[in-house]
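Student: Chains as they are written, first to last, in this note's numbering: chain A, 1 to 450; chain B, 451 to 626.
Watch out, some of these pointers could steer you wrong.
Said to hold, decoys possible - Within a straight-line C-alpha distance of at most 30 Å, the following computed DSS-like cross-link-like pairs (lysine-lysine) qualify:
{"id": "1", "chain 1": "A", "residue 1": "K8", "chain 2": "B", "residue 2": "K574"}
{"id": "2", "chain 1": "A", "residue 1": "K111", "chain 2": "A", "residue 2": "K8"}
{"id": "3", "chain 1": "A", "residue 1": "K175", "chain 2": "B", "residue 2": "K503"}
{"id": "4", "chain 1": "A", "residue 1": "K170", "chain 2": "B", "residue 2": "K503"}
{"id": "5", "chain 1": "B", "residue 1": "K596", "chain 2": "A", "residue 2": "K37"}
{"id": "6", "chain 1": "B", "residue 1": "K523", "chain 2": "A", "residue 2": "K175"}
{"id": "7", "chain 1": "A", "residue 1": "K16", "chain 2": "B", "residue 2": "K588"}
{"id": "8", "chain 1": "B", "residue 1": "K596", "chain 2": "A", "residue 2": "K24"}
{"id": "9", "chain 1": "B", "residue 1": "K523", "chain 2": "B", "residue 2": "K503"}
{"id": "10", "chain 1": "A", "residue 1": "K19", "chain 2": "B", "residue 2": "K470"}
{"id": "11", "chain 1": "A", "residue 1": "K7", "chain 2": "B", "residue 2": "K574"}
{"id": "12", "chain 1": "A", "residue 1": "K8", "chain 2": "B", "residue 2": "K596"}
{"id": "13", "chain 1": "A", "residue 1": "K316", "chain 2": "A", "residue 2": "K235"}
{"id": "14", "chain 1": "A", "residue 1": "K8", "chain 2": "B", "residue 2": "K615"}
{"id": "15", "chain 1": "B", "residue 1": "K500", "chain 2": "A", "residue 2": "K157"}
{"id": "16", "chain 1": "A", "residue 1": "K105", "chain 2": "A", "residue 2": "K19"}
{"id": "17", "chain 1": "A", "residue 1": "K35", "chain 2": "A", "residue 2": "K121"}
{"id": "18", "chain 1": "A", "residue 1": "K8", "chain 2": "B", "residue 2": "K523"}
{"id": "19", "chain 1": "A", "residue 1": "K437", "chain 2": "A", "residue 2": "K410"}
{"id": "20", "chain 1": "B", "residue 1": "K470", "chain 2": "A", "residue 2": "K157"}
{"id": "21", "chain 1": "A", "residue 1": "K170", "chain 2": "A", "residue 2": "K105"}
{"id": "22", "chain 1": "B", "residue 1": "K460", "chain 2": "B", "residue 2": "K574"}
Derived from the structure by calculation, the hints contain no laboratory data.
Note that the structure is a prediction, hence the values are computed from the model and not measured.
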Amino acid sequence: MENNIEKKLSGLPRAKLSKKADRKIRFRLYLLMLKNKLFNFPALNKAGFWLKPATSLALLILFLFLGSGAYAYSSDKVTRGHFFYPFKRGLERVELDFSLSQLAKVRTYSKFAQRRVAEAKVLSLGGRLSIGFISSARAQAEATGVDSGEMFSYLSKTINESVVNIEQAKDEAVKITAGQKLARALEIISQTEERQLETLEDIAGIVGIDTGDQDLDSIAVALDTVRKQHRDIIKKAELAAKAARKQDKINLAELADDDASSSVQSEIEDEVVASSSVKFSDPAEAESSLIQLKNKIENFKGSLKDNNLDEEEFNKLFDRLDKKIETAQETIDQGNLNKLSGILRATEALTNNGRHFLRLKERRSGDRFDERNRLVPVSTSTQSDGEAEERLREEARKQFKQAEEEREQKRQEELENLKQTQEQELERAKQAAEEQKQVEDNRDNQAEDN
Amino acid sequence: MYNITAMATKENDFLGYYNKHKDKIYNYFWYRVGFNRALAEDLTSEVFLKAYKNFDSFDPARPFQAWIYAVAKNHLLNYYRLANRETELFLADSLAKNQLLEIDRRLELERIFNLINSMADYYKEVLFLRFADGLDNKEIAEALGKEEGAIRTQISRALEELRSKLEESGEERAEF
């Protein structure tokens, strides 16, 4: 019996690297090999400390003078999938090489985080901002027949990278001991996180509640992660600033939580225990976390009711939350607790941040929700710009919806074709079997006659 | 003195290893990042670049495959730590369903795949290395730094557990 399982398991598909990806990796390997060869010349090696940044500077200047390099490097419209994107990322590596101190690295990673989230906003608008003769990522994708699904994965990947960059900035901040520099590093990270949160909320509003699971989860989890970390960073920045005023040496790990500020945190939002750091080993524990999450969703529902929401949007959001809860329950029933924490995390993130994906019946553009789901209107002086932005968002939502429908239609057609092909093959096999049987019958009859 | 010939040999050797193992490493990541093609490609690229940078520390007497798998595993763990991507577990299942369901004859594989995903990490790892990545027992032992006999036992126990999970989920014995 085990042999049968092994036989079936041997049928698991094996993926192969695409030719395009293979070429990209080889190109990077060749560049690295070339760089190593240059640095290994004894004469050049004597340059020592200055060689790497000097070479990087030379490459940077060369590329910037090519004009298009300058454009690629500075523009948020050059996003993942765009022809110049690999050059942009290459230049960023050069920029990182030039960040010699920990504080400089914190600044650089924070800058990358802001760039990624700005690129994500462009992607969420469908990459529709084209630049002269250089087509945008979306136009390129359409021209080359890239699946719209790949566009969506560009968005979630770019958002994820933005979160990773902030983590990298914090990893560098941990190494700083001088009080003033640490305070400055934390201030930079805090400001970056604030801008990240604003842009992520905008992106949520642009894509709307109809977007695919992958993007919805990425945006919601990014908002959740950055918001939670931001509260922590604000506290630590204040403590570091105090230490800096006293000119004390201190490092990030030593900055203790302040009791007073933790009570402020609990006022803002109840934190559910079912976060990604929790690993469930006991179904009862898992059930308890699920019940807490269900209660939180009910409270969230109540808090949104007074906000003049579009009813259809409201129902869509809670349908999605209900679906996630169902999946979580099925996972517990199947005993698949390894998978549960991921599902609960995505659900919690959507509960905490779902309001940003919603449209209102009479929402003025620029209106935002505060931490307690209360609508905070903006001043009327920004209304005309806001209206244009709202039209842009509406158009982007329509494009997303259309792309989703096209993807679903294509999937159904492929499935239908596949079924037809299989039916035809089955039919051919049957005919072949009948013919074979007939031949054998004829042979038997002949033998009998003889 | 500067040895051009030695350096050229090093590059050629590494490229040879790259050609031989690129699909295996890509497949390794593909199964473990929710079949996200773009992400698997990026991770594969990062692993080979990292491996080249540390190629001087590689002992040619040891199998390259074991070494590159160890680098890949560490890189994947770092990726998950930095990106905090535990939602991948959820995404992996929904993506597996979308892809495998499209092919009728693989519905059974989908069920088996979901059951493997629900098993303990050490069983899941050996089953994927054996059947998804196509390594034999000796190669798995080298990759994980364990004895071949121990791997054989682990695979056998993993298959036994998989069989009982299949029975519990109502699969007919006769099919197996």
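Student: Which numbered hints turn out to be false for this structure?
Tutor: 2, 5, 8, 13, 16, 17, 19, 22
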